[in-house]
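A.B. asks: For the record, the sequence lines run as chains A and B. My numbering numbers the first residue of the first sequence as 1 and each following residue consecutively. My numbering numbers the first residue of the second sequence as 1 and each following residue consecutively.
Just so you know, the hints here were simulated from the structure itself, not pulled from any lab data. A few of these clues could be false.
[What the hints assert, rightly or not] In silico EDC-like pairs for lysine to aspartate or glutamate, Cα to Cα no more than 16 angstroms straight-line: (1) K193/A / E62/B; (2) K104/B / D150/B; (3) K193/A / D136/B; (4) K104/B / E78/B; (5) K193/A / D49/A; (6) K193/A / D134/B; (7) K458/A / D436/A; (8) K193/A / D52/A; (9) K104/B / D134/B; (10) K104/B / D49/A; (11) K193/A / D132/B; (12) K149/A / D104/A; (13) K104/B / E86/B; (14) K104/B / E133/B; (15) K149/A / E120/A.
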Amino acid sequence: MIEPTPALAMFLRVALITTFAYAGTLALYVVSMLAVAIPESRFRRRQDDVEDYEAVRGSRYTIPVSVIVAAFNEEGMIVPAIGSLLGQAYPEMELIVVDDGSTDGTLAAIDAAYDLEPGEAFSRENIATKPVRTVYRSRTDPRLTVLVKANGGKADSLNCGVNFARYRYLCTVDADTIFASDALLKAMTLVGKDPERIVAASSLFGISLTPEFADADAREGPRLNNHLLADFQHLDLMRSFVVYRTAWTGLSCMLCVSGAFGLWRRDVILEAGGFSPAFSCEDIEMTFRIHERFRREGRPYRIISLPNMVAQTEGPRSARSLISQRARWQRVTLETIWHYRSMLGRARYGSVGLVGVPYYLFFECLAPVLQLLSFVALLVAVLVGALAWPTYLAFLGAVTFGTAIPTTIAVGLHDAGFRDYRVRDLVRMLFLGPLDLPIYRPILMYAGLRGTWEFLQKERRWNKFERNTRSSSAKSLPPRRTRQQLLRQPSANPASQTNAAVD
Amino acid sequence: MTLGVWLAASLFVVVSRLLYDHRRRQLNDIARKLTDPSVENLPPLDRSPAIRRILSRRTRREVYRLVASEQFPVWLTEACAIYCLEYFGVEEIRRDASARHGRKWRRVAALMALGHFRGLEVHPLLDAAIRDEDPDVATAAAQALFRVGDRAAAVILVSTLRGASVPASRIATYLDQFPIPIGDLLVPLLRDPQPRTRYWAASLLGRYTEHMRTAPIRTIGLHASVERNPDRSFVGQTS
Numbered sequence: 001m002i003e004p005t006p007a008l009a010m011f012l013r014v015a016l017i018t019t020f021a022y023a024g025t026l027a028l029y030v031v032s033m034l035a036v037a038i039p040e041s042r043f044r045r046r047q048d049d050v051e052d053y054e055a056v057r058g059s060r061y062t063i064p065v066s067v068i069v070a071a072f073n074e075e076g077m078i079v080p081a082i083g084s085l086l087g088q089a090y091p092e093m094e095l096i097v098v099d100d101g102s103t104d105g106t107l108a109a110i111d112a113a114y115d116l117e118p119g120e121a122f123s124r125e126n127i128a129t130k131p132v133r134t135v136y137r138s139r140t141d142p143r144l145t146v147l148v149k150a151n152g153g154k155a156d157s158l159n160c161g162v163n164f165a166r167y168r169y170l171c172t173v174d175a176d177t178i179f180a181s182d183a184l185l186k187a188m189t190l191v192g193k194d195p196e197r198i199v200a201a202s203s204l205f206g207i208s209l210t211p212e213f214a215d216a217d218a219r220e221g222p223r224l225n226n227h228l229l230a231d232f233q234h235l236d237l238m239r240s241f242v243v244y245r246t247a248w249t250g251l252s253c254m255l256c257v258s259g260a261f262g263l264w265r266r267d268v269i270l271e272a273g274g275f276s277p278a279f280s281c282e283d284i285e286m287t288f289r290i291h292e293r294f295r296r297e298g299r300p301y302r303i304i305s306l307p308n309m310v311a312q313t314e315g316p317r318s319a320r321s322l323i324s325q326r327a328r329w330q331r332v333t334l335e336t337i338w339h340y341r342s343m344l345g346r347a348r349y350g351s352v353g354l355v356g357v358p359y360y361l362f363f364e365c366l367a368p369v370l371q372l373l374s375f376v377a378l379l380v381a382v383l384v385g386a387l388a389w390p391t392y393l394a395f396l397g398a399v400t401f402g403t404a405i406p407t408t409i410a411v412g413l414h415d416a417g418f419r420d421y422r423v424r425d426l427v428r429m430l431f432l433g434p435l436d437l438p439i440y441r442p443i444l445m446y447a448g449l450r451g452t453w454e455f456l457q458k459e460r461r462w463n464k465f466e467r468n469t470r471s472s473s474a475k476s477l478p479p480r481r482t483r484q485q486l487l488r489q490p491s492a493n494p495a496s497q498t499n500a501a502v503d
Numbered sequence: 001m002t003l004g005v006w007l008a009a010s011l012f013v014v015v016s017r018l019l020y021d022h023r024r025r026q027l028n029d030i031a032r033k034l035t036d037p038s039v040e041n042l043p044p045l046d047r048s049p050a051i052r053r054i055l056s057r058r059t060r061r062e063v064y065r066l067v068a069s070e071q072f073p074v075w076l077t078e079a080c081a082i083y084c085l086e087y088f089g090v091e092e093i094r095r096d097a098s099a100r101h102g103r104k105w106r107r108v109a110a111l112m113a114l115g116h117f118r119g120l121e122v123h124p125l126l127d128a129a130i131r132d133e134d135p136d137v138a139t140a141a142a143q144a145l146f147r148v149g150d151r152a153a154a155v156i157l158v159s160t161l162r163g164a165s166v167p168a169s170r171i172a173t174y175l176d177q178f179p180i181p182i183g184d185l186l187v188p189l190l191r192d193p194q195p196r197t198r199y200w201a202a203s204l205l206g207r208y209t210e211h212m213r214t215a216p217i218r219t220i221g222l223h224a225s226v227e228r229n230p231d232r233s234f235v236g237q238t239s
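Please put together the full structure from these sequences, using the hints given.
C.D. replies: In structure tokens, the structure reads:
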């Protein structure tokens, strides 16, 4: 116990007021987002329910898509990822895998699975990139092109893919992600309804420790990992997409088209000058850039986020890897917000300037600092004996369950739309909600602080997390369905067929 | 208080899921009964008294949702549509399908229900709906016209190739899969002043070789606006 001084008392008072003001504003913001997300989610559910996917699936008039995969040292995941992309139940697409100077066996793995041969491909050279060394074509699937280029980072690889892409829509995806067979079909069907205005789209994806075994089309639906950290990440993404991004879509200020699954109109990417290698991560910056440009020029456009679970991506298994990944996310958010700070609070940028950017500034960029402040204040209050424990514990309990409410609503909205999780997984997700604050949030707080520090140090590294170890049985993957089989089958997920009937 | 809200919300999620699973089991039972060959030739609503019993417990909104669902076996949507006709009456469905303000999804569902009634005069209503500004309403009307599948429906769909809130690619998808031959309806579009319309007509005519031989394909190339874009002039010949 230490003697309270006037300076300490003043610090405690300021910290208390700041913490309450912050928590109150955050609660108000969350309630507002829920109020927008619930009807928006219901709207999307209805739209999905009446959509005639069968007609689109069998059509020869769907809008063709160029899928671009940027791969760097992905020998373990690249083949299953390509398999899931070539297995899309979508009538016309091409797949461009850009090997960004990998030093492992990425190319050899693709060659072994898809029998590559050197070939030629037309490139527009619209965006300057590192030189392409070799172009390979697959002998087994003519839709697959592999570009081997000098290492230049993810943005450079995506730009290289954009130069080689033939079609009007681009789908940029991660090489460690396994896609559901109807991922492109569902996203493009909605985009195809309003192609003049929808310039970019994203969709929910889940976290898996071994996504190549988490069959996204499984009859029983997706599964949780039974690994606390992975399940927290899964819930984090679900909350982010099902509540916040859905609400931002409703408010026309969706500010992050995810790198794991992003659909873009190619002319918009070219007009913006391609993905920027100057930032730690390319996806959020490109979304901000498009918003800034279209709002400034007063052009009609929409960037949307869909609630469908389209993929499973590999998530970190250890807290250390998670911190490394989230520190990068925090860094890129800070870089982007700093770069586009002119949009903050400006009515000219509409809901982006008045709702989206302030959210990122106050609840993403400044959150770790304010959380640290409240932790330090708590420590000081304990040391000087100024903490009223019963009141504090009541407050902590209220905050713990309060922060679980958006998770519960996200789980409820997802389940109402898709009915894909088993009941026991649903219950597990609901119970993980209140544990989020005491277990998961401190890790994110530390990652946020580290990311902020790295931003101040002008760090630009990718911080790729170490891949999760697989068991020996991981060598034998189940054969994925061919495109012809998928186009013939009535629906990718039979479990979802009867949702509308019994809801 | 937050504990109470969290508990209530969590309970709601679990209970609604359990109810859903219960209904799904009921539905699977019905589907199993319907596989019996002895009832296969009966009308959908008469195949199992259980369907009628279940539908009679549902609100109009719920039955409409079943009719509109594309994620669902055809026999059930048909049964629900016939149920709608029996219990709500055709005039009520027409009224829902032509509602201009509010209740958008009820309108969409009513339009989809109309797609199941081939004998009734539903074309003028669907014609008006396919020109609606709302893409969801217009797409539902296009789906219904495709389902009606007669010549009058094809005439309406072909006319929307000239412009509607439904993307032309979606209209072309339905026309390409249309159950009756429609080549003769597409030929006049080859002389349309809009290059876009001529493109779609020529592309769709690729299926109808007899019309391709006689159609004035060259008129596409001779049109002034198309001469500037020669790549698209003879798109119909190669499709």
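A.B. asks: Each of the hints needs a verdict: does it hold here or not?
C.D. replies: To see whether the hints hold, each was checked on the structure:
For the hint linking K193/A to E62/B, the alpha-carbon distance of about 26 angstroms lies beyond 16 angstroms, and the restraint is violated. For a cut-off of 16 angstroms, the pair hint linking K104/B to D150/B is broken: about 26 angstroms separates their Cα positions. With a CA separation close to 8 angstroms, the supplied pair K193/A and D136/B stays within the 16 angstroms bound. Proposed proximity of K104/B and E78/B is contradicted: the alpha carbons are some 21 angstroms apart, above 16 angstroms.
Pair hint K193/A plus D49/A holds up; C-alpha atoms about 15 angstroms apart against a cutoff of 16 angstroms. Between K193/A and D134/B, the direct Cα distance comes to roughly 10 angstroms. Compliance with the 16 angstroms bound is thereby established for this hinted pair. For the hint linking K458/A to D436/A, the alpha-carbon distance of about 31 angstroms lies beyond 16 angstroms, and the restraint is violated. In summary, the hint linking K193/A to D52/A is supported, as the alpha carbons are separated by about 12 angstroms, within the 16 angstroms threshold.
Our distance criterion of 16 angstroms between C-alpha atoms is met by K104/B and D134/B, whose separation comes to about 9 angstroms. Restraint check: the Cα-Cα separation between K104/B and D49/A comes to about 14 angstroms, which is no more than 16 angstroms; the hinted pair holds. For the proposed pair K193/A and D132/B, the alpha carbon gap of about 14 angstroms is at most 16 angstroms, so the pair holds. For the given pair, K149/A sits about 14 angstroms from D104/A by alpha-carbon distance, which is consistent with the 16 angstroms threshold.
Note on K104/B and E86/B: the hinted pairing is violated, with a Cα-Cα distance of about 23 angstroms set against a maximum of 16 angstroms. For a cut-off of 16 angstroms, the pair hint linking K104/B to E133/B stands: about 12 angstroms separates their Cα positions. For the suggested pair K149/A and E120/A, the alpha carbons sit about 14 angstroms apart, so the restraint of at most 16 angstroms is met.
Going through the hint list in order, the structure does not satisfy hints 1, 2, 4, 7 and 13.
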